[in-house]
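As they're listed, the protein sequences go chains H and G.
For the record, in the first sequence the residue sitting at position 27 is 26 according to numbering that gives the first Met the number 0, with numbers rising by one throughout.
For the record, in the second sequence the residue sitting at position 175 is 174 according to numbering that gives the first Met the number 0, with numbers rising by one throughout.
Among the hints, a few may not be true.
[Unchecked claim] Below, in silico cross-link-like pairs of lysine-lysine (DSSO-like), each with a Cα-Cα straight-line distance of 27 Å or less: (1) LYS161/H x LYS21/G; (2) LYS21/H x LYS161/G; (3) LYS295/G x LYS27/G; (4) LYS295/H x LYS21/H; (5) LYS27/H x LYS295/H; (6) LYS295/G x LYS21/G.
[What the hints assert, rightly or not] Just a few of them, taken from the derived set where beta-carbon distance is under 10 Å, the chain H residues facing chain G: (7) MET85; (8) LYS116; (9) HIS130; (10) GLU162.
Don't read these hints as lab results, they were simulated from the structure.
The beta carbon of each residue, even a glycine, is placed where N, CA and C say it ideally should be.
There are 2 protein chains.
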Amino acid sequence: MDRLIDAIATVNNPSVVGLDPKPQLLPKQLLDEARADTARALEADDSTSETFAWTSSLATAYLRFNLAIIDAVADIVPAVKPQIAMYEALGVNGLLVYTATCRQAHDRGLYVLGDVKRGDIGSTAAAYAGHLSEHELWMEDAVTVNPYLGVDGITPFVDAAKEADADIFALVKTSNPSSDEIQNLRTVDGATVYEHVADLVEQWGADSIGEHGYSRVGAVVGATHPQEGRELRERMPHTFFLVPGYGAQGGTAADVAGMFDEHGSGAIVNSSRGIIASWRNSERYSEDLSCDEALKVVASCARAAATTMRDNLNAALGR
Amino acid sequence: MDRLIDAIATVNNPSVVGLDPKPQLLPKQLLDEARADTARALEADDSTSETFAWTSSLATAYLRFNLAIIDAVADIVPAVKPQIAMYEALGVNGLLVYTATCRQAHDRGLYVLGDVKRGDIGSTAAAYAGHLSEHELWMEDAVTVNPYLGVDGITPFVDAAKEADADIFALVKTSNPSSDEIQNLRTVDGATVYEHVADLVEQWGADSIGEHGYSRVGAVVGATHPQEGRELRERMPHTFFLVPGYGAQGGTAADVAGMFDEHGSGAIVNSSRGIIASWRNSERYSEDLSCDEALKVVASCARAAATTMRDNLNAALGR
Numbered sequence: 000m001d002r003l004i005d006a007i008a009t010v011n012n013p014s015v016v017g018l019d020p021k022p023q024l025l026p027k028q029l030l031d032e033a034r035a036d037t038a039r040a041l042e043a044d045d046s047t048s049e050t051f052a053w054t055s056s057l058a059t060a061y062l063r064f065n066l067a068i069i070d071a072v073a074d075i076v077p078a079v080k081p082q083i084a085m086y087e088a089l090g091v092n093g094l095l096v097y098t099a100t101c102r103q104a105h106d107r108g109l110y111v112l113g114d115v116k117r118g119d120i121g122s123t124a125a126a127y128a129g130h131l132s133e134h135e136l137w138m139e140d141a142v143t144v145n146p147y148l149g150v151d152g153i154t155p156f157v158d159a160a161k162e163a164d165a166d167i168f169a170l171v172k173t174s175n176p177s178s179d180e181i182q183n184l185r186t187v188d189g190a191t192v193y194e195h196v197a198d199l200v201e202q203w204g205a206d207s208i209g210e211h212g213y214s215r216v217g218a219v220v221g222a223t224h225p226q227e228g229r230e231l232r233e234r235m236p237h238t239f240f241l242v243p244g245y246g247a248q249g250g251t252a253a254d255v256a257g258m259f260d261e262h263g264s265g266a267i268v269n270s271s272r273g274i275i276a277s278w279r280n281s282e283r284y285s286e287d288l289s290c291d292e293a294l295k296v297v298a299s300c301a302r303a304a305a306t307t308m309r310d311n312l313n314a315a316l317g318r
Numbered sequence: 000m001d002r003l004i005d006a007i008a009t010v011n012n013p014s015v016v017g018l019d020p021k022p023q024l025l026p027k028q029l030l031d032e033a034r035a036d037t038a039r040a041l042e043a044d045d046s047t048s049e050t051f052a053w054t055s056s057l058a059t060a061y062l063r064f065n066l067a068i069i070d071a072v073a074d075i076v077p078a079v080k081p082q083i084a085m086y087e088a089l090g091v092n093g094l095l096v097y098t099a100t101c102r103q104a105h106d107r108g109l110y111v112l113g114d115v116k117r118g119d120i121g122s123t124a125a126a127y128a129g130h131l132s133e134h135e136l137w138m139e140d141a142v143t144v145n146p147y148l149g150v151d152g153i154t155p156f157v158d159a160a161k162e163a164d165a166d167i168f169a170l171v172k173t174s175n176p177s178s179d180e181i182q183n184l185r186t187v188d189g190a191t192v193y194e195h196v197a198d199l200v201e202q203w204g205a206d207s208i209g210e211h212g213y214s215r216v217g218a219v220v221g222a223t224h225p226q227e228g229r230e231l232r233e234r235m236p237h238t239f240f241l242v243p244g245y246g247a248q249g250g251t252a253a254d255v256a257g258m259f260d261e262h263g264s265g266a267i268v269n270s271s272r273g274i275i276a277s278w279r280n281s282e283r284y285s286e287d288l289s290c291d292e293a294l295k296v297v298a299s300c301a302r303a304a305a306t307t308m309r310d311n312l313n314a315a316l317g318r
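Take these sequences, add in the hints, and give me the full structure.
Given below as structure tokens:
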């Protein structure tokens, strides 16, 4: 986790920009261009289906959108977190854009946290760990993983992370309302399921603790659970937190403050919509702009929102 | 789940062939060809890296291997289960081969169960549910999902499954040794975590029960847990089971018999290595064969192994 912690210190900003494009988060100009691309593709090749043409054009639009945002924030944030599901929804063309996005972020010096939530057992988990061990294919510095299958599903990722100087983040207490259904079940020894998972995560990371005191096995802890997050911070002294659910999902800077350690380290907070869709609240955006002009508004709004988030977090942390 | 149950009845075979290629499961001839392809690609384009050239060539080898097996078993099994991790390990080129494999199986009339174990929340889960709602992109009839995030992560898949006449299978009790770590935690009401998950799965499927009495929300229950599987069969009367862990992982036909209902329905058993790598035990295979000859041995051994598995299951079930 040392690389991430160093990157946070360099820009004095414990936040990560979630690159989770969706059609409704893109300016109309980009969607219009994608529609025009689709029409051209269908006209040029009548063996192409509408679904393939549209998802391919939309993937291209996602890439332009992402590149504008990466350019705008690369010098003020330490990391980006592309959510692979958004790209996978467009099929293999979408995944090409996922890897191109990771590559561009990497080339701009950002730590790339692939939000893939993979999880399987044995040799299958080892195959998924290719995300880290074959860096050239995916260009990620860390991935999120699902712990439901136990250590069999985690060890291959930990081994790959050690080998590649990379990290993983295991789901512990997620930000969504129904996270209680399984994660908050109370077990006979008095602890909840997520507390058991927390103890396992701390244990899985025990032999990969870096210079800054945190292991290569981080935890995902939702910003929407400030009390649980504070208790988990105590319970998991060597585990770095990835905190989703800030902003659009309701978590505030005050909510997440307890998930940091006494030095203001120990966590990185994600915001997606709050940064990448902040152009929607800007008076400078209008549908009359050209596509390039609209992307400039997207970029400058993202930079402004990322700056505000950094300042709010640092104020709440007294940094 | 009706389509799968009908397909099983048609061929009188409650088993599914796991298409999980790995280099060590391929005959030497295919790997030699992949190596030669790689060398040619590197010679033709010195901007290509060795990793990209090799994974691309290996992906092509996987496709040839899969097509030989699909051709060999298409008339005697109802379904195939490609494990997406094996393809994802080769990057985007691997995923092209995953979709090509699903497409070929679909075109041969097989039910395609994508073993993707995806799981996320809200709009992200909805994006992953594109596996089912955008059939043309992925060509799957069902996918496996991870339940750790609760119903928020499941509803989008259930909605997509209803819309597309497709199904999902949620992990309940997995086949691996460390599945106990989280799944077998005992909660204060006396049930284990996996039993709670079982009750949720039964509930998540309640409004999608088909003509054969099973819902669109199936459960993954490992063959390596015969006692738990028998109890889960009682506990989940409307939930169809996908049973991995047969054969190479140790589960026998007798072990899985209790996971079926009193009519010999209610479950489908997966075998991967036991079918696709059965050529390794054949006297007809030799390294002196041509690549096409070796693939013929792969195909006929897969067919023989699938036939034996069918007959063993039917005998154990008294069908």
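Hints, one by one, checked against the model:
| no. | hint | result |
| --- | --- | --- |
| 1 | LYS161/H x LYS21/G | holds, 23 Å |
| 2 | LYS21/H x LYS161/G | holds, 23 Å |
| 3 | LYS295/G x LYS27/G | holds, 14 Å |
| 4 | LYS295/H x LYS21/H | holds, 18 Å |
| 5 | LYS27/H x LYS295/H | holds, 14 Å |
| 6 | LYS295/G x LYS21/G | holds, 18 Å |
| 7 | MET85 | holds, 5 Å |
| 8 | LYS116 | holds, 6 Å |
| 9 | HIS130 | holds, 8 Å |
| 10 | GLU162 | violated, 15 Å |
Of the numbered hints listed earlier, the single one contradicted by the structure is hint 10.
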